[in-house]
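Following the hints, position chain B against chain A.
The listed protein sequences correspond, in order, to chains A and B. In terms of the numbering used here, the first sequence opens at residue 99 and continues consecutively. In terms of the numbering used here, the second sequence opens at residue 6 and continues consecutively.
Don't read these hints as lab results, they were simulated from the structure. All values reported here derive from a predicted model rather than from experimental measurement. Since no wrong hints were added, every one of them can be taken at face value.
Calculated lysine to any residue pairs in the SDA-like style (CA-CA distance at most 25 angstroms, straight line):
#1 K35/B to L482/A
#2 K54/B to T241/A
#3 K54/B to W243/A
#4 K486/A to E536/A
#5 K486/A to L30/B
#6 K486/A to A34/B
#7 K54/B to A107/A
#8 K397/A to P472/A
#9 K54/B to T162/A
#10 K486/A to H44/B
#11 K35/B to D52/B
#12 K486/A to I38/B
#13 K397/A to P270/A
#14 K35/B to P484/A
Pair by pair, the computed Cβ-Cβ distance ranges are:
#15 G129/B to D459/A: 42 to 50 angstroms
#16 K35/B to P492/A: 19 to 27 angstroms
#17 P438/A to H104/B: 20 to 28 angstroms
#18 V136/B to T179/A: 50 to 58 angstroms
Glycine residues also receive a C-beta, built at the ideal position from the N, C-alpha and C atoms.
Chain by chain, the residues:
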Amino acid sequence: MSVALGFLAFNGMLLVAGYALIAVFLRRLSAVTRATYAGLALLLGAGTVGGLLAFLAVLGLRPTPIAFVVAAALVVFAGVTVLARTTPRPRRRRVVLPPVQEPEPPPPPRRELPLALDLATTAAAFGVAAFALLTLVAAFRSTAWLDDAWFLWLPRGLMLREHGLDPAIFAPNPAYAGFPDFDYPLWWSILTAVQTSFLGELNMHAVNGQLTLLVVAFVASVGRLLWGLVRPEILWPGLLLLLAAPELIHQTQSGGADLLLAAYISAFALGAALWLGRGSSLGLTVAAVAAVAALAIKKEGLVQVLMFATVIGVAGLRRGRSRLLGLAGVVGFALATHVPWLLWLSAHDVPSRLRYSDIFDAEFLSDRSGRIEPSASYLLDEMLDPGKWLVILPLAIVLSLAGALRTRRLVWLAPTVAIAGGFALLVGVYWVGQFELEAWLGTSARRVVDTVMVFAAISIPVLGEALARSQPAVSRSTAPEDPTELEWDWGMG
Amino acid sequence: MPRALLVAVLSVVLAAVSLSADVNLRTAAKLPIWGSLTHRLAGYTADQKTPALYRQVPAEAVEAAGDELRRGETYFVHTSNDSLEYTSLLSAGRLYIPHAIPVASVELADAVLSFNAPRPLPRGASAASAVRLGGGLQLIRLRR
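Here chain A stands alone, though its shape is the one from the complex:
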């Protein structure tokens, strides 16, 4: 099988698995509309199949190409079964589950845009397509610049494919020349190793291509999920701001897992917000799959999922118990899929560079308090550098604060709180971590800010739309309720 065919076959299976997973939400849509869900299907397919293989690897299954095909087939089977059971059959007497709520939001009211705004929107949409295409081309022409790609992720996956999760190899063992970071989860290692099997050769271009395809799929997913909720003249420039960020493009050529963690955490946050705000079952599904994947990608995923779930849950407290329980159930499900890995680490005494117990050691923290300021300063420099992330962070915070000031509603501050929480987590890691600080920051800070930055970027179109529809606090009390606003309301307040 040639490299190109192998790449297509591998991603084709992920795509089919993802479509099967969301088929129940798409059944009444036209073929063209279904096609616009391809990015979401690929993202969810990779999340589910990779997550399933990572789960099964801990239970003893080797992630071979055959296991991959079987896992994808299982996901397809599950999706088709749910679809069949929820599709009403009028001529047969049988109990059917209630139909799942369709995700398609009502079409936004048709408005004639001024010519300049229409052209700007068109240019932004073109820019999104162009940057997606060029970033993919560039990734397929680059070898991975991050040593983790060839020193940790891919070789660990290849050895996992050959030997299974043998503790003699994958846990500390003085006899073997072990890997660094034994406690890193398995998702990206497994996907890259299985992809290598499909390609028939070791190909770092394809590793970058896979990483970039999933990042582009994430951006397409955000666009799809927000379509109809955010007007195009806000949505397209918002997506462009993310895809055109120089640091995002640079990291699509890294071969690392940081951008993927950022994508799945942000997809989790968006799905959770859609579920809480609009009762979108598709949003809940996205949140579930994204949380499972995020936990299986990097160990930071655990605290990040919990932090984002908490902030979004608090912001949506007024949306009722059932929706909060739904979100809690999703987080609980994701944690349950992660438990076997944590148990495996514990059973084999796998050390972590970051000990959670240190967080509760006041003396330890006090002794190392000198690490806080330089860490915060370094991270802020990374996040605020317009040559890396354009104006994503300041714009997200300004929109959030502007909305809060204009409407006097605290819920507007949720994105800012989540961004601050993500930032505080990063500073905390550098604070309690055991490495020499300067070298550690120099080799990792630019990558670990990804989650905060990608989340901030996808907040921008949501906040922009909400701000455009908001009414000042003074007039809101006297103005008649606008049904259109309710329709578009994210319901986070």
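Chain B alone, transformed into the frame defined by chain A:
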């Protein structure tokens, strides 16, 4: 109509940047922050498909060593004192010979992957047979 015209103009610009080395180089000079992109378009310098290891090691020879080692056999990586060279060969072994297992001590090894070392074998080890794989790499089976 204005929208179609805009798309046509942008398409021409995109094609020029993507396909013309001259236009791409000028764009890269004016927009250095997007260098990661422009350096991979028209006139780009080809990047290797194989991993960019810290040190040059003969990847094809390492791959050939994989034919000599059976599944589950162990090997010891023996290089010069340059730790980056050791890391590079160790990584190449894991990437190209994932069915065999690198060990930390030569006493536990079935074979030695020897490259650029002052002596082909570490002290205390004795060879049963050796295969020269090219690029200065040897796979030496050990007497147990």
